[in-house]
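Residue numbers (the numbering used here), protein chains in the order written: chain Z, 1 to 339; chain R, 340 to 636.
These are calculated hints, taken from the structure and not from any lab test. Please read these numbers as outputs of a predicted model, since none were measured by experiment. Treat the hints with caution; some may be incorrect.
With a cut-off of at most 25 Å between alpha-carbon atoms, the simulated SDA-like pairs for lysine to any residue come out as follows [as the list claims (entries may be wrong)]: (1) Z:K287 with Z:I178; (2) Z:K78 with R:F471; (3) R:K489 with Z:K96; (4) Z:K336 with R:E505; (5) Z:K336 with R:I452; (6) R:K444 with R:R527; (7) Z:K331 with R:R449; (8) R:K489 with Z:P251; (9) Z:K336 with Z:P251; (10) Z:K51 with R:F453; (11) Z:K96 with R:K534; (12) Z:K51 with R:P531; (13) R:K444 with R:I498; (14) Z:K287 with Z:F102; (15) R:K534 with Z:P61.
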Amino acid sequence: MAQHTYDKINSPHHGKVPSRVVSAVGSALNEDWSDDFREPRTAEFKDNFQKWWPYYLMMAPGLIYFAVFHYLPIWEAKLAFEDLRIIGPNVWVGLKHFVQLFASPAFVEVLLNTLIISAMKIAFVFPLPILLALLINEVRSPRFRQSVQSVIYLPHFLSWVVIAGIFIGALSPADGAINDLRDLVGLERRGYMTDSGSIRWVLVWSEAWRSAGWDSLLYFAAIMSIDPQLYEAAEMDGASRWHKMRHITLPGIVPTIATLFILNVGLFLNAGFDQVFNLTNDAIQDKIDIIDTYVFRLGITGGQFSLATAAGLFKGVIGMVMMLSAHFLSKRLTGKGVW
Amino acid sequence: MASQNRTGLERAESVIIVSVLLALVVITVQPILNLLAISLTEPANAPGMSGLAVIPDGLSFDIWTLLANHPAVQRGLINSFFITLTGTVLNVTCTALMAWALSRKNLPFRRTIFILVLVTIVFEPGIIPDYFVMRRLGLLDEYAAVIIFKMVNAWYLIILIRFFEEIPNELIEAAELDGANPFQIFWRVVLPLAKPALATITLFYVVYHWNDFLRPMIYFNDQDKWPLQVVLRQFVLVGDKAAIVGLEAMNNYTGASQIDFKSFRAGMILFTILPVLAIYPLILRYFTKGTMSGAVK
């Protein structure tokens, strides 16, 4: 909170903020505003340098890291507008690769897959942690509650290589748990991993298995911060458990739900590289191939670096617009941004 | 609370809630117990093991002996530990130092740097430019590539900045008056106060390094540098034939009778999870606390 206020005051537009507000917030933050009436600039710079150079020394590794591993790649992304030459400098070709990208049916299919898979995850995975947190909140025994919580958080810390291994095993037609269960109730065995009709649901449910438990923690924390007096008052009025959940708990976590929903929409184009990459196979690849896996196959496996960079850059730019929109929308609606 | 005058309906609700949660616990744990059961089963009986079984069919440690002696697994384990350890030390040091500087509210260009960091969260140019930068720096097939790749994670940096900002300014000013330089203040005042936050960040980084498979896979052509996750992926998901031939040779070496792919798979997956399970109690202690306070903020 304090951070946001501070940045706002120090923004280049701080003239727009009424000075009364500035001084009020300033004194609230215990800051020294006498700095505003001060000596010439060179002296100031010298003072500043003397005082702050150790801090820049501390930041140096981090700053160099961001320059080399985050800003240099942005510069390297110009490859999307170039043809790679083995001998001699690359040739500037403008939008050639983007045109080629959008003309290829494969890219359109990949784009559609990304949108479909993200939409399915938001529709079916997003509500689960909310329901889970509400359920956990209704457990009376703290010991039972904590035991359940400490178990269901675990999958979040397993890599997708491991989770893919677990799911491929559990869904195996010959001896997987799911098919053994189907066998027990008299249904026939199915090959979920090679069936183009079910593979997207495998993505949905493996995502749920991994993240529903851990994500419920965020909502549970929000529930914990609801004023207990509200519940006491409701109990005096004879409210049932259901009523309290419906009229106190749920409204209490709506801001958290809104923020996380908006964040999820902002990350819409990240349909889950690690997940798809490890769960895919030749039989169903066309059903779950997303932008990120496409970029990988095109570039790292196929060596078509310019085309792959163009696809990645396209995703990066659209993703940026969506993320920024999400941030400002969230800030407007809930007063809390994404970061 | 008011347990003495619970109605029948409320009791029925409680039973439903508890059973649903118990079912979720079973769904979470059963697959892992199944792998454990398969890996401990007499290898000859492994092919007949049901996916529902949680008790080994005849106890045997052959698979675990084999795994512990398999050269690729041993190398993977050493690589994983090395990358995780050096990576985390570097991560935490650089992140904490940068966060401490950026938490000083009067630092010149603070806002500019903050925005430049945020830009890297919002805009990612993709894996191909990353790859070209690594190539240009001559870091392909060097451990440094995966150790440095996420040296300062922007999200964790922001979390730490927020945490350092909560430290009362009076404490820092008092130290400044005593003539302490910024490094001394960081070491003696800030770090001791920030222990829980630093522990959280450390665990975040440990889990990140341990679980990362993509970057080592892209940057290391040399299989001897592969961490455990990549080895696991190669054995279990890609089903690398060369790896299996090596495995059969190993069978003769350990004298284990007829070890099949199924039990090897199960053991290998568990083997990769073990270190995560080992630090899981710590994770529960710090992550849950950290996330809770973050959400309440």
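Each hint, compared with the structure:
At roughly 22 Å between alpha-carbon atoms, K287 (chain Z) and I178 (chain Z) fall within 25 Å of each other, so this suggested pair holds. Using a Cα cut-off of 25 Å, the hinted pair K78 (chain Z) and F471 (chain R) holds, with the two alpha carbons roughly 11 Å apart. For the proposed pair K489 (chain R) and K96 (chain Z), the alpha carbon gap of about 32 Å is over 25 Å, so the pair is violated. Distance check on the hinted pair: K336 (chain Z) and E505 (chain R) sit about 18 Å apart at the alpha-carbon level, within 25 Å; holds.
Annotation: proposed proximity of K336 (chain Z) to I452 (chain R) holds, straight-line Cα distance about 21 Å (limit 25 Å). For the suggested pair K444 (chain R) and R527 (chain R), the alpha carbons sit about 20 Å apart, so the restraint of at most 25 Å is met. Distance check on the hinted pair: K331 (chain Z) and R449 (chain R) sit about 22 Å apart at the alpha-carbon level, within 25 Å; holds. The hinted pair formed by K489 (chain R) and P251 (chain Z) fails the criterion: a straight-line CA distance of about 38 Å is larger than 25 Å.
Between the alpha carbons of K336 (chain Z) and P251 (chain Z) the distance comes to roughly 17 Å, so the proposed pair stays at or under 25 Å and holds. For the hint pairing K51 (chain Z) with F453 (chain R), the CA-to-CA distance comes to about 20 Å; that is within 25 Å, so the pair holds. As the CA atoms of K96 (chain Z) and K534 (chain R) are separated by approximately 53 Å, the hinted pair breaks the 25 Å bound. With a C-alpha separation of about 23 Å, the suggested pair K51 (chain Z) and P531 (chain R) falls inside the 25 Å cut-off, and the hint holds.
Of the pairs offered as hints, the one joining K444 (chain R) and I498 (chain R) holds, with about 16 Å between alpha carbons and a cut-off of 25 Å not exceeded. Of the pairs offered as hints, the one joining K287 (chain Z) and F102 (chain Z) holds, with about 19 Å between alpha carbons and a cut-off of 25 Å not exceeded. Distance hint between K534 (chain R) and P61 (chain Z) is fulfilled; the C-alpha atoms sit about 22 Å from each other, no more than 25 Å.
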